[in-house]
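Undergrad: So you can see what is in the structure, the chains are spelled out below.
Protein chains: 2
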Amino acid sequence: MTIGILHPGQMGAAIAAQARSRGVRALWCPDGRSEATVHRAQTAGLESVPSLPDLLAQADMVLSVCPPAFAEDLAREVARHGYNGVYADANAISPERAQRIATILPNATVVDGGIIGPPPTEATVARLYLSGPQGACADVAHLFTGTLVEVHQIGNEVGKASALKLSFASFQKATRALAAVSHALADHHGVREALQSEAERMGSSALAQPGYLPSVAARAWRWAPEMQEIAAALHEAGLPTHLAEGAKRVLEQWNDDKDAWNIELDEVFKHLSTANDETDR
Amino acid sequence: MTIGILHPGQMGAAIAAQARSRGVRALWCPDGRSEATVHRAQTAGLESVPSLPDLLAQADMVLSVCPPAFAEDLAREVARHGYNGVYADANAISPERAQRIATILPNATVVDGGIIGPPPTEATVARLYLSGPQGACADVAHLFTGTLVEVHQIGNEVGKASALKLSFASFQKATRALAAVSHALADHHGVREALQSEAERMGSSALAQPGYLPSVAARAWRWAPEMQEIAAALHEAGLPTHLAEGAKRVLEQWNDDKDAWNIELDEVFKHLSTANDETDR
Chain A
1 MTIGILHPGQ MGAAIAAQAR SRGVRALWCP DGRSEATVHR AQTAGLESVP
51 SLPDLLAQAD MVLSVCPPAF AEDLAREVAR HGYNGVYADA NAISPERAQR
101 IATILPNATV VDGGIIGPPP TEATVARLYL SGPQGACADV AHLFTGTLVE
151 VHQIGNEVGK ASALKLSFAS FQKATRALAA VSHALADHHG VREALQSEAE
201 RMGSSALAQP GYLPSVAARA WRWAPEMQEI AAALHEAGLP THLAEGAKRV
251 LEQWNDDKDA WNIELDEVFK HLSTANDETD R
Chain B
1 MTIGILHPGQ MGAAIAAQAR SRGVRALWCP DGRSEATVHR AQTAGLESVP
51 SLPDLLAQAD MVLSVCPPAF AEDLAREVAR HGYNGVYADA NAISPERAQR
101 IATILPNATV VDGGIIGPPP TEATVARLYL SGPQGACADV AHLFTGTLVE
151 VHQIGNEVGK ASALKLSFAS FQKATRALAA VSHALADHHG VREALQSEAE
201 RMGSSALAQP GYLPSVAARA WRWAPEMQEI AAALHEAGLP THLAEGAKRV
251 LEQWNDDKDA WNIELDEVFK HLSTANDETD R
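These protein sequence lines are chains A and B, in that order. Using the working numbering, the letters of the first sequence correspond one by one to residues 1 to 281. Using the working numbering, the letters of the second sequence correspond one by one to residues 1 to 281.
Read the hints as simulated data drawn from the structure, not as lab findings. One or more of the hints may lead you astray.
Among the chain A residues that face chain B by a calculated CB cut under 7 Å, a handful are [said to hold, decoys possible]:
hint, residue
1, V49
2, R80
3, N156
4, F168
5, L185
6, V191
7, L207
8, A237
9, L239
We put the beta carbon where it would ideally sit given N, CA and C, even for glycine.
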């Protein structure tokens, strides 16, 4: 069995490494990707091929794990090469976009996927939710039997897995943005300690652990576009988009902190300041 | 010692009852209040007086515990009668509004307060945070020694207690709005069970306990104006207001569910629908 991974970041490489541990061959195409990505793919045991057509010609199955903004273009590129195998899109995209990807790839069998949890390592298990044609879902599931990727098939309809992923991410990520705003407000007034003790007392874990806020700022460049997809999903479902849009706007304050894992908490708060932000009120 | 309570709702009556348990006389003015409020005040052992001037003439100390939108007008009314005792505003108002209240009452000694936690009963303890002139804070604290109202003095500056209250409420209340939106989205796509199991697995308590969502809808009429104060507080601090404004908009979807404690979860989700809402996109 040979799979192709488009475009392996941290999550994609970790997922592919799990399939590799089952003896699956995993291909990727390093064309135009960063050195860090190349290093990560090598560490995960992925085999590089020179071009997308090469990858598609050899792969029995393609997994797309990329930033949400690229998911649809990537599917279109794959479609141009007439790909007709199983195409699993495991990105944080709206259900409607997932369904559009299925129509973009009429010759392929499209499976909708949603990954929840951190990248799988010895210490952590990721969940891969799948929805779509049952046989193809089973084929994808089979890649990960006995690995740290726990697969759940949740229906025959493309869109359900994406809906689940976004429902969860909406809460999980926006609460972290909320926690940052709360701590920044308390900090402004010199009452962070009291806020911390209330958070601990009320068992509000996301609020009680401000130590992870620098990592939120560092990942905000990925999370903001995900909030955009969440807003789209809510709009499609006739639900209010304001919280998702609000979280997106807050996360965008940290755009310049991309991958700045060692940023100080003070800086995290300072970058939330709207004083530097002319587009804000 | 005699205190006056303006205007005791559920929280105000419960707080006053704690002071009563220490032998403090507690006055209130039932003029224009609902039968439910009258009943609650009687149960809490409050003594009724015919008018605000009567209350102010007899009270050594006044506690304002009312919806945030009324806090400033109430202070103005009290000022008109030349009140010159201790005035503790324990409302969920922005720090700037708390400071404005201090200037509205130049003859009184204004203490800023913030209440966190549910109304104190045998089973629960409320925290009353105070900031302002030290002597007056100590006088307020003294009312509650050994009761279920745990008092914390957090500084000499009017505004700090309000800032703490709003920092906490911003997170606590907006996460509940977020949880409702997530469950409604998952419900729309038939994946609520999977969302629930992920919430339990990730320890996201607000998301894992959708059973409390009807009580959020029932209280949203109070929470939305609190979100307005939070947005004001964030604006004053130069922090992004989008999440607070987003939470306010979501909570407003439940305006018609005021005190509808027995509403079904399905209805809670349905009322989030923007289809009935012409002002929404």
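Undergrad: Does each hint fit the structure? Answer for all of them.
TA: Here is what the structure says about each hint:
Nearest Cβ of chain B to the Cβ of V49(A): about 35 Å, over the 7 Å cut. The hint is violated. The beta carbon of R80(A) is not positioned within 7 Å of any beta carbon in chain B (closest approach about 30 Å), and the interface hint is therefore violated. Given the 7 Å rule on beta carbons, the hint for N156(A) is violated: about 11 Å separates it from the nearest Cβ of chain B. For the restraint placing F168(A) at the interface with chain B, the shortest Cβ-Cβ distance is roughly 5 Å, inside the 7 Å limit, so the hint holds.
Residue-level restraint check for L185(A) holds (minimum Cβ-Cβ distance to chain B is 5 Å; threshold 7 Å). Below 7 Å, beta-carbon pairs count as interface contacts, and V191(A) has one with chain B at about 4 Å; its hint therefore holds. With 7 Å as the threshold, the beta carbon of L207(A) comes within range of chain B, its nearest partner Cβ sitting at about 5 Å, so the hint holds. Residue-level restraint check for A237(A) holds (minimum Cβ-Cβ distance to chain B is 4 Å; threshold 7 Å).
Among the interface hints, the one on L239(A) holds; its C-beta lies about 5 Å from the nearest C-beta in chain B, closer than the 7 Å criterion.
Checked against the numbered hints above, the structure breaks hints 1, 2, 3 and satisfies the rest.
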